[in-house]
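Novice: When you get a sec, could you build the whole thing from the sequences and use the hints?
Protein chains: 2
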Amino acid sequence: MMEFTEASPLMPTDLSTSLKTWQQRIRQELWQQVIPFWLNHSLDWQWGGYFNCLDRNGQRYDDKKYVWLQGRQVWMLARLCRMYPEHPERQRWLEAVPLGLHFLRRFAYRPQDQRVYFCLSREGQPVYLQRKIFSECFYVMALAECARLFADPTLMQEAEQVFAAIWSWVSQSQTDWAQDSIPPGRPRWPGSPEVSELAVPMILLNVIGELAGSYPEQEQWCLARIRLHHRPELNLVLETVAADGTLLNTPEGRLLNPGHAIEAGWFLLEYGERTGDPEGSLQTMALEMIAGSLAVGWDAEYGGLFYFLDRQGYSPVQLEWSLKLWWPHCEAMVATLAAYGITGSLEWWQRFEQVANYTFAHFPDPEYGEWFGYLDRQGQVSQRFKGGPYKGCFHVPRALMWADQWLGRALDLQVQGVNPQNKRR
Amino acid sequence: MMEFTEASPLMPTDLSTSLKTWQQRIRQELWQQVIPFWLNHSLDWQWGGYFNCLDRNGQRYDDKKYVWLQGRQVWMLARLCRMYPEHPERQRWLEAVPLGLHFLRRFAYRPQDQRVYFCLSREGQPVYLQRKIFSECFYVMALAECARLFADPTLMQEAEQVFAAIWSWVSQSQTDWAQDSIPPGRPRWPGSPEVSELAVPMILLNVIGELAGSYPEQEQWCLARIRLHHRPELNLVLETVAADGTLLNTPEGRLLNPGHAIEAGWFLLEYGERTGDPEGSLQTMALEMIAGSLAVGWDAEYGGLFYFLDRQGYSPVQLEWSLKLWWPHCEAMVATLAAYGITGSLEWWQRFEQVANYTFAHFPDPEYGEWFGYLDRQGQVSQRFKGGPYKGCFHVPRALMWADQWLGRALDLQVQGVNPQNKRR
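Sequences listed follow chains A and B, in order.
Following my numbering, the numbering of the first sequence begins with -12 at its first residue and continues without gaps.
Following my numbering, the numbering of the second sequence begins with -12 at its first residue and continues without gaps.
Please note that a few of the clues may not be correct.
Just so you know, same-sequence chains aren't split out, so a pair can sit in one copy or run between any two.
Said to hold, decoys possible - Simulated pairs of lysine to aspartate or glutamate, EDC-like, Cα-Cα distance not exceeding 20 Å:
| # | residue 1 | residue 2 |
| --- | --- | --- |
| 1 | K119 | D31 |
| 2 | K119 | D100 |
| 3 | K7 | D42 |
| 4 | K119 | E181 |
| 5 | K119 | E226 |
| 6 | K51 | E181 |
| 7 | K51 | D31 |
| 8 | K119 | D163 |
| 9 | K51 | E239 |
| 10 | K7 | E340 |
| 11 | K51 | E220 |
| 12 | K51 | E110 |
| 13 | K7 | E334 |
| 14 | K51 | D297 |
| 15 | K51 | E275 |
| 16 | K7 | E288 |
| 17 | K119 | E147 |
| 18 | K119 | D1 |
| 19 | K7 | D399 |
| 20 | K119 | E184 |
What the hints contain is simulated information worked out from the structure, not anything from laboratory work.
Specialist: Structural data, given as structure tokens:
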């Protein structure tokens, strides 16, 4: 496997064929292999919600319902309904949306403190409440997407209210809590510095993009935070920095999560496209984040993106550091395609093809559908299940859906003979 | 690599030579490779305590001090001082003991609630307090061992007081907490059953063995709990069962941790030896636990013990399930040797050799000393560091020390022509 930067040259004459071939392959995977897996195996018509823990062939190995994945599946199916209004299978997706939405609203949400559980029993009893805010974020995304799908302003109002709560926790403006509340967050002890985690501004920027309201203050906060993590002088994106942006020389402070950084770059590209980016400074930052993280994260020996690295080359303390996970590859396909679509640069198309070739050669399971989630460093399947506590109906279909959209846009522009970069400016 | 049960036959005439060869190899590793690594690299003469995060060559990659490992290193060095009173290097160990002991007592212990931090900064400021009780357990072991080494009854009294607190939490007899207390344990939610975790009775039985006082009620509780986890009908030891012993058909309830089960079996064997076991029922259970866990946990393809397995063959949800960790191999060497020493059965000697051959072929680092901690399934080094948040001066030297002791005992009995089994009864 070559190093990432040495992608083989591609003749521009092949390009249109390549775009069409990839679009066909991606659509076939999405409609024949991925969505049917979830519709056939995950829907719990008895108790509501979706089963998450599904073995290679769809067999259930646990009844628990993980709320990140409940919210994400609602979002995913609802978004497909809006994105592909003419698809012949749309009615099946549409029926599956309220199954998750009602379960979430009834069982995952805690009215007393606006918090959202992390895990529920099959019947909806709480199993676990995380200290993190991500259950709440995916809950908001599910509600907001359904508000649009069903043209229901009450759902959007609920989504905005929970988002307001999340923001009050993150910005530390909420100080009084009711008696039976369980505030998020860990206590900070005097021996550890106050830090900024990339995950927080990144997910909030993504959530804001789903809401109807306008959040300029929150957006600026997210952008400023992301800038603390992007270090052009190192050509790296750091997962954790001190709250004032200082680099920390500890395993946490040296941690790289290339897939996460690439996802953040993609969110920024999309944000720039959506809101306008007159000086192109967001685009520049986003492209640097994606290119730099692909370069540092790619395994020159066996191919694929490492899960974690230490920026000074120490062994990460995370035991799973060398695994190849499905989601960084999903995010990298979308990010490189979006970068290609926006810049029109062949370099980005070559990056897309290198990621997509590895991804399609290793993750799909033609026999039972969906993708394997966890490979060892050499690319062998390490965990055979298709759904687990952190893997559900989300990253694979979302990546395939966005890839289909970006490929379609690039093909349209080719037909029109437009260089996308010129079109934008 | 053969399956575990197919160990090659060994002629009894070779046995005495084998015992001596192994003892020599083990002593050389302990004195030349392992203890010097920690004495040369871990001692913080400036702030006290021990550095834990040491790269392959001993270089520090983080200053944080993990309290499990602080307590364990105090225990280890103090026990070596007592076990090898004539060793020429003893003075260096003896000087390193108070370095950790004073740091622990001054910085790790919280007088307001008798809890013990999980992690401290180099200077001793708190970094993290776990919800688990293991920091407290290793703190007690450190104090008790030092009480013996220094003949200091105050230290033993402190150890017994903290143990009393741990017991009050585990048995839920402590109900009122001071204002600024942080009780251990997670809240239990209605959707998840009350469970028993093997780790708790196992570590408590180990801690009780270090104390001066008599704890018959606590010992009986530990034995009864361990019995819930040992399932002769399955020939398995389960990490987690319902509090009433019911099997749980969930990933948690199906989880096997062979190294942990083998360690528990060894603690039981030792407990039976120490306290007397007139009907031999503890010994029978312990030997079943060790033999069953070796059989199920051994990787027939690449050798070595898996970290985690699912008893019904699903992929464990733990991403690191297939790694080969140093400590299960350490525990398995001691457990098989103890089983051989107690039963005199050649089968156990063969099991020891199979484990020890794999272990010595893969984990030691002749170049820089100590052992690698984490190998991938195929046996390649996955994490090159020698010390990390969960690996310190403990499992390797403890295993080598006990192996030396058991080999010495077996050799003494051979010289006397005694079958150990006959001697015991």
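Novice: Would you mind marking each hint as holding or not holding in the structure?
Specialist: Taking the hints in turn, this is what the structure says about them:
1. For the homomeric pair K119 and D31, neither the shortest alpha-carbon distance inside one copy (27 Å) nor that between copies (35 Å) is at most 20 Å.
2. In this homomeric assembly, K119 and D100 come within 20 Å of each other (Cα to Cα) only inside a single copy, at 14 Å, whereas the closest approach across copies is 26 Å.
3. Within a single copy, K7 and D42 get their C-alpha atoms no closer than 33 Å, and across copies no closer than 49 Å, so neither meets the 20 Å cut-off.
4. Taking the shortest Cα distances, K119 and E181 sit within 20 Å of each other inside one copy (16 Å), while across copies they are farther apart (24 Å).
5. For the identical chains of this complex, K119 and E226 are intra-copy neighbours only, at 16 Å inside a copy versus 27 Å across copies, given an alpha-carbon limit of 20 Å.
6. When the C-alpha separation of K51 and E181 is checked against a cutoff of 20 Å, the pair qualifies only between copies, where the shortest distance is 16 Å, while the shortest distance within a copy is 34 Å.
7. When the C-alpha separation of K51 and D31 is checked against a cutoff of 20 Å, the pair qualifies only within one copy, where the shortest distance is 11 Å, while the shortest distance between copies is 47 Å.
8. In the homo-oligomer, the alpha carbons of K119 and D163 lie at most 20 Å apart inside one protomer (19 Å), although the nearest pairing across protomers, at 28 Å, exceeds that limit.
9. Taking identical chains as interchangeable, the C-alpha atoms of K51 and E239 lie at most 20 Å apart only when they sit on different chains, with a minimum of 11 Å there against 31 Å within one chain.
10. Taking the closest pair of Cα atoms, K7 and E340 come within 20 Å of each other only inside a single copy of the chain (13 Å); across copies the shortest separation is 60 Å, beyond that limit.
11. When the C-alpha separation of K51 and E220 is checked against a cutoff of 20 Å, the pair qualifies neither within a copy, at 45 Å, nor between copies, at 27 Å.
12. Taking the shortest alpha-carbon separations for K51 and E110, only the intra-copy value of 9 Å comes in at or below 20 Å, while the best inter-copy value is 43 Å.
13. Taking the shortest Cα distances, K7 and E334 sit within 20 Å of each other inside one copy (18 Å), while across copies they are farther apart (64 Å).
14. Proximity of K51 and D297 under a CA criterion of 20 Å is satisfied inter-copy only: 17 Å between copies versus 34 Å inside one chain copy.
15. Proximity of K51 and E275 under a CA criterion of 20 Å is satisfied in neither setting, with 40 Å inside one chain copy and 33 Å between copies.
16. In this assembly of identical chains, K7 and E288 lie within 20 Å of each other by CA distance neither inside one copy nor across copies; the values are 30 Å within and 43 Å between.
17. For the identical chains of this complex, K119 and E147 are intra-copy neighbours only, at 19 Å inside a copy versus 37 Å across copies, given an alpha-carbon limit of 20 Å.
18. For a Cα distance limit of 20 Å, the shortest separation of K119 from D1 qualifies neither inside one copy, at 47 Å, nor across copies, at 60 Å.
19. Proximity of K7 and D399 under a CA criterion of 20 Å is satisfied intra-copy only: 11 Å inside one chain copy versus 78 Å between copies.
20. Taking the shortest Cα distances, K119 and E184 sit within 20 Å of each other inside one copy (12 Å), while across copies they are farther apart (25 Å).
The structure is inconsistent with the numbered hints 1, 3, 11, 15, 16 and 18, although it conforms to all the rest.
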